[in-house]
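Peer 1: Chains V and L are the protein sequences, given in the same order.
Under the numbering used here, the first residue of the first sequence carries the number 1, and numbering increases by one thereafter.
Under the numbering used here, the first residue of the second sequence carries the number 571, and numbering increases by one thereafter.
You may find that some hints are simply not true.
Between beta-carbon pairs, the in silico distance windows are [said to hold, decoys possible]:
id : chain 1 : residue 1 : chain 2 : residue 2 : range
1  : V       : Leu-336   : L       : Arg-796   : 57 to 65 angstroms
2  : V       : Ala-334   : L       : Arg-588   : 31 to 39 angstroms
3  : V       : Pro-548   : L       : Ala-599   : 24 to 32 angstroms
4  : V       : Arg-244   : L       : Gly-732   : 54 to 62 angstroms
5  : V       : Gln-529   : L       : Ala-660   : 17 to 25 angstroms
6  : L       : Lys-766   : V       : Thr-318   : 39 to 47 angstroms
7  : L       : Asp-582   : V       : Pro-548   : 18 to 26 angstroms
8  : V       : Ala-334   : L       : Glu-626   : 35 to 43 angstroms
9  : V       : Leu-336   : L       : Glu-737   : 54 to 62 angstroms
10 : L       : Ile-736   : V       : Arg-244   : 55 to 63 angstroms
11 : L       : Arg-796   : V       : Tyr-338   : 43 to 51 angstroms
12 : V       : Asp-454   : L       : Ala-660   : 32 to 40 angstroms
13 : L       : Leu-785   : V       : His-321   : 48 to 56 angstroms
Quick partial rundown of chain V residues pointing at chain L, CB under 8 angstroms, derived from the structure [claimed, not checked]:
id : residue
14 : Val-42
15 : Ala-45
16 : Arg-48
17 : Leu-49
18 : Pro-77
19 : Gln-85
20 : Asp-88
21 : Gln-103
Since the hints were made in silico from the structure, they are not lab data.
Here the structure is a predicted model, which means the values were calculated and not measured.
C-beta atoms are modelled at their ideal positions from N, C-alpha and C, and glycine is treated no differently.
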Amino acid sequence: MSTAYRPPLAEMRFVLDEVAGLRTTTQLPGLEHATPEIVDQVLLAAARLASEVLAPLNPVGDRTGSVLENGVVRTPPGFREAYRQFADGGWNGLVFPAEWGGQDLPWTLGAAVAEMWNAANMTFQICPLLTQAVIDALLHHGTPEQKAVFLEPLVGGRWTGAMGLTEPQAGTDLGAIRTRAVPDRDGYRIFGQKIYISYGDHDMAENIVHLVLARLPDAPAGSRGLSLFIVPKLVPDAQGRPARRNDMRPLKLEHKLGLHASPTCVMAYGEDGGATGLLLGEPHAGLRCMFTMVNKARLAVGHEGLGLAERAYQQALTYAHERVQGRVAGRPVAILAYPDVRRMLLTMRAQIAAMRALAYWTAGFVDRAARAADPDARAAAAGRVALLTPIVKAWCTDRAQEIAALAVQVHGGMGFIEETGVAQHYREARILSIYEGTNGVQALDLVARKLAQDDGRLPWLLLEELRAEVPRLPEAPALERALATLETATRTVQAAPEEVRAAASTPYLRLIGQVLGAFLLGRGAASAQAPPYWGLLHRFYLRHLLPPALALGEVVAAGADDLDPAALAP
Amino acid sequence: MRILVPVKRVVDYNVKIRVKADGSGVDTANVKMSMNPFDEIACEQAIRLKEAGHAEEIVAVSIGEAKCQETLRTALAMGADRGIHVEAPADVQPLAVAKMLRAIVGREQPGLVVMGKQAIDDDSNQTGQMLAALLGWAQATFISKLELADGRAVVAREVDEGLERIEVTLPAVLTVDLRLNEPRYASLPNIMKAKKKPIDVLTPGDLGVDPAPRLLYLKVEEPPRRQAGVKLGSVDELVTKLKQDAGVI
Chain V
1 MSTAYRPPLA EMRFVLDEVA GLRTTTQLPG LEHATPEIVD QVLLAAARLA SEVLAPLNPV
61 GDRTGSVLEN GVVRTPPGFR EAYRQFADGG WNGLVFPAEW GGQDLPWTLG AAVAEMWNAA
121 NMTFQICPLL TQAVIDALLH HGTPEQKAVF LEPLVGGRWT GAMGLTEPQA GTDLGAIRTR
181 AVPDRDGYRI FGQKIYISYG DHDMAENIVH LVLARLPDAP AGSRGLSLFI VPKLVPDAQG
241 RPARRNDMRP LKLEHKLGLH ASPTCVMAYG EDGGATGLLL GEPHAGLRCM FTMVNKARLA
301 VGHEGLGLAE RAYQQALTYA HERVQGRVAG RPVAILAYPD VRRMLLTMRA QIAAMRALAY
361 WTAGFVDRAA RAADPDARAA AAGRVALLTP IVKAWCTDRA QEIAALAVQV HGGMGFIEET
421 GVAQHYREAR ILSIYEGTNG VQALDLVARK LAQDDGRLPW LLLEELRAEV PRLPEAPALE
481 RALATLETAT RTVQAAPEEV RAAASTPYLR LIGQVLGAFL LGRGAASAQA PPYWGLLHRF
541 YLRHLLPPAL ALGEVVAAGA DDLDPAALAP
Chain L
571 MRILVPVKRV VDYNVKIRVK ADGSGVDTAN VKMSMNPFDE IACEQAIRLK EAGHAEEIVA
631 VSIGEAKCQE TLRTALAMGA DRGIHVEAPA DVQPLAVAKM LRAIVGREQP GLVVMGKQAI
691 DDDSNQTGQM LAALLGWAQA TFISKLELAD GRAVVAREVD EGLERIEVTL PAVLTVDLRL
751 NEPRYASLPN IMKAKKKPID VLTPGDLGVD PAPRLLYLKV EEPPRRQAGV KLGSVDELVT
811 KLKQDAGVI
């Protein structure tokens with residue numbers, strides 16, 4: 001069975017340039033070195049590593065999985081070597097400052113590169129993803145000493161990162177965290193147990209830096225009493241070399257529906273006198289520090305959805321071309337000949353194009369928020385990132401599940417057989433709607449925080465921009481109708497009481513995602529550089545994928561009355 | 571010592587080749603292009619020689635359209651030190667290429683030319699041999715193993731009978747085969763550094779060579795489709811068929 005991955009470089013490049021505005025982004029201060037030739041070379045080199053090294057390991061990782069033996073985690077065969085190639089290749093430092101060994105390249109380009117890592121091998125990419133989240137937190141909140149010790153090896157990929165947040169009783173509600181931090185001579189001692197620590201232990205790097213949420217002795221109750229600690233597996237010596245084994249260990253690995261190669265650890269800290277930790281940021285400000293990394297990680301999970309969907313689509317497309325069933329006009333045909341199979345494949349392809357457009361376009365605002373010369377432009381871009389982050393995370397990952405399900409469906413009975421390899425994508429898509437904040441939490445974040453931000457002006461700045469651009473796009477009347485539905489729904493949600501807003505949150509998020517997708521595909525279709533098939537995808541999207549989404553306007557209007565617990569008595 | 575590595579831009583090895591409808595050649599419009607894989611192995615070998623202290627500088631050369639500079643950047647990102655681009659039409663033939671390379675050897679004075687044994691587009695397998703003849707240098711072709719010592723290269727050549735070991739005196743032209751090494755992936759920092767490495771642009775005129783084709787391609791066509799085979803019941807039947815129908819034994 002074909003599980004090969006071929007990065008769609010031409011389409012990625014088109015979306016970067018013509019939809020996400022990469023050429024404007026690379027004019028921002030500090031990004032001038034990201035010339036079109038560099039962008040091409042980086043994409044090509046990443047494509048090779050992704051398709052030749054990482055992609056063939058994906059089914060191996062699924063079948064073998066990581067194991068915990070004698071207190072040590074072993075990753076599947078080939079993962080260590082692949083990670084070495086990834087880290088030695090400098091890929092971990094793509095977007096990070098040159099000061100710490102990175103390349104200072106745009107996040108927009110980083111989004112495209114991340115798509116390839118995820119499509120090739122999502123379970124592998126989780127490790128660099130976490131490392132990047134830890135780097136982000138250190139860059140924003142670390143002391144100069146902490147930066148000097150931790151950043152260079154993390155950016156270079158010699159050390160990796162892990163996030164210790166969840167405890168059995170503290171999932172979405174982190175306020176229930178019980179892990180303790182006790183001040184010590186030169187830092188803190190950490191005591192507690194964490195669950196769901198991806199790559200909390202492994203054999204691919206020389207050290208692992210955990211960021212752990214814990215409670216100081218004088219901490220107020222709830223989420224405002226949490227502090228964030230740097231807890232390295234090996235405590236660095238005065239020269240910054242990994243030296244002393246810290247008091248922490250993996251107790252077990254979870255058995256999961258997917259992501260078998262990614263070791264999901266139950267971690268014990270401080271069984272033997274306390275794990276050495278350093279405070280990151282201010283005491284009791286742990287949640288705020290953590291959100292620095294969580295927000296980037298949420299975008300990164302959206303990229304996981306995009307990459308996984310692309311891989312599932314490629315596999316389904318290959319199968320539809322090869323699988324011969326039945327006859328048309330007396331001749332045996334591949335199943336691609338059947339309209340319903342083409343409907344499924346076009347649904348996948350058009351949806352993925354829209355997800356890619358949204359992901360890259362959003363990354364452009366991340367670049368502007370970080371680098372625009374004008375502070376107002378930076379603030380406006382940061383607002384846009386805040387608004388789009390829950391949409392990228394939840395919309396891209398929910399769609400990824402539908403796409404992975406369609407990929408199985410195209411395979412028919414063969415899709416249900418593990419050896420075919422497509423079921424892996426279906427199983428692994430499932431987690432994307434759950435981790436880094438469930439998609440329900442994303443939807444709440446969108447309607448309760450983001451729609452209310454800046455006195456409710458935040459979404460309207462975006463909607464006004466769309467209003468202005470839509471008349472110049474092909475199929476403008478359809479886009480204008482979609483925009484009108486979205487505007488009405490936005491006003492309804494903004495005016496609604498809390499309970500009603502919450503009830504409308506998930507349909508509203510899907511609606512805005514689907515309308516933004518239509519708009520961005522339209523922006524691509526308006527470009528003279530558009531590939532010949534792009535107009536086709538745009539029209540298919542407008543006629544097949546947009547109408548059901550616009551019906552969500554009615555669901556939003558339905559409010560909370562029908563979510564009556566009376567029908568849900570135990 | 572300086573090493574010269576000629577690299578050719580060709581249709582990517584993953585691409586399914588399509589012949590142009592008018593039979594005038596292979597369709598290269600909107601087709602992914604890459605460095606000829608054998609040249610990539612040559613480039614890797616040159617870098618390894620430099621890393622082992624046998625060479626101080628690696629110069630990559632590409633002859634063809636402006637886009638060849640992308641291929642040169644790939645060589646620079648792998649580890650070549652500078653590039654020379656000879657801007658010429660896309661269809662320069664082996665003899666003209668060899669003459670241009672001879673002129674560049676005259677300017678650069680390398681101790682070794684390391685190149686692919688052939689390019690995967692036209693599979694000519696001529697340029698290296700022609701270059702050695704024009705220069706009056708030793709040549710070692712199809713090499714799959716290489717050791718340098720005392721101004722000599724000891725190589726293993728892949729020939730039909732197996733491996734042939736020969737020794738050549740430097741300067742020499744080496745053409746490399748598939749099993750010589752596994753080329754490295756360009757690292758991100760090296761891609762960024764490659765941007766700052768110089769590429770000189772020359773014309774065939776600068777080198778005193780007329781790039782006009784001397785061979786005329788009459789027609790390019792797809793290979794004939796394979797006929798369906800037959801299943802045979804026994805080895806005896808096979809032997810009979812090979813004797814009588816195929817006439818090969």
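Peer 1: Starting from the hint 18 to 26 angstroms, judge whether the C-beta atoms of Asp-582 (chain L) and Pro-548 (chain V) obey it.
Peer 2: 40 angstroms, violated
Peer 1: Once the shortest beta carbon distance from Ala-45 (chain V) to chain L is found, is it less than 8 angstroms?
Peer 2: Because about 5 angstroms separates Ala-45 (chain V) from the closest Cβ in chain L, which is inside the 8 angstroms limit, the hint holds.
Peer 1: Asp-88 (chain V) was flagged as interface toward chain L. Is the shortest Cβ-Cβ separation under 8 angstroms?
Peer 2: 7 angstroms, holds
Peer 1: Assuming the hint says 31 to 39 angstroms, is it satisfied by the Cβ distance from Ala-334 (chain V) to Arg-588 (chain L) or not?
Peer 2: Violated - the Cβ-Cβ distance for Ala-334 (chain V) and Arg-588 (chain L), about 20 angstroms, lies outside 31 to 39 angstroms.
Peer 1: Report holds or violated for the interface hint on Arg-48 (chain V), using the least CB-CB distance to chain L and a cut-off of 8 angstroms.
Peer 2: The hint holds - Arg-48 (chain V) has a Cβ within 8 angstroms of chain L, the shortest such distance being about 6 angstroms.
Peer 1: In this structure, is the beta-carbon distance linking Lys-766 (chain L) and Thr-318 (chain V) contained in 39 to 47 angstroms?
Peer 2: 41 angstroms, holds
Peer 1: Does the Cβ distance between Leu-336 (chain V) and Arg-796 (chain L) fall inside 57 to 65 angstroms?
Peer 2: 24 angstroms, violated
Peer 1: Note whether the CB distance of Gln-529 (chain V) and Ala-660 (chain L) lies within 17 to 25 angstroms or breaks it.
Peer 2: 23 angstroms, holds
Peer 1: For the pair Ala-334 (chain V) and Glu-626 (chain L), does the Cβ-Cβ distance stay inside 35 to 43 angstroms?
Peer 2: Once the Cβ atoms are compared, 57 angstroms apart, the range 35 to 43 angstroms for Glu-626 (chain L) and Ala-334 (chain V) is violated.
Peer 1: Given a hinted range of 54 to 62 angstroms, is it respected by the beta-carbon distance of Arg-244 (chain V) and Gly-732 (chain L)?
Peer 2: With Cβ atoms ~56 angstroms apart, the hint holds.
Peer 1: Taking the least C-beta to C-beta distance, is Gln-103 (chain V) closer than 8 angstroms to chain L?
Peer 2: Hint on Gln-103 (chain V): holds, closest Cβ of chain L at ~6 angstroms, below 8 angstroms.
Peer 1: Given the range 43 to 51 angstroms, decide if the beta-carbon distance of Arg-796 (chain L) to Tyr-338 (chain V) lies inside it.
Peer 2: 29 angstroms, violated
Hint compliance for this structure: hints 1, 2, 3, 7, 8, 11, 12, 13 and 18 are broken, all remaining hints hold.
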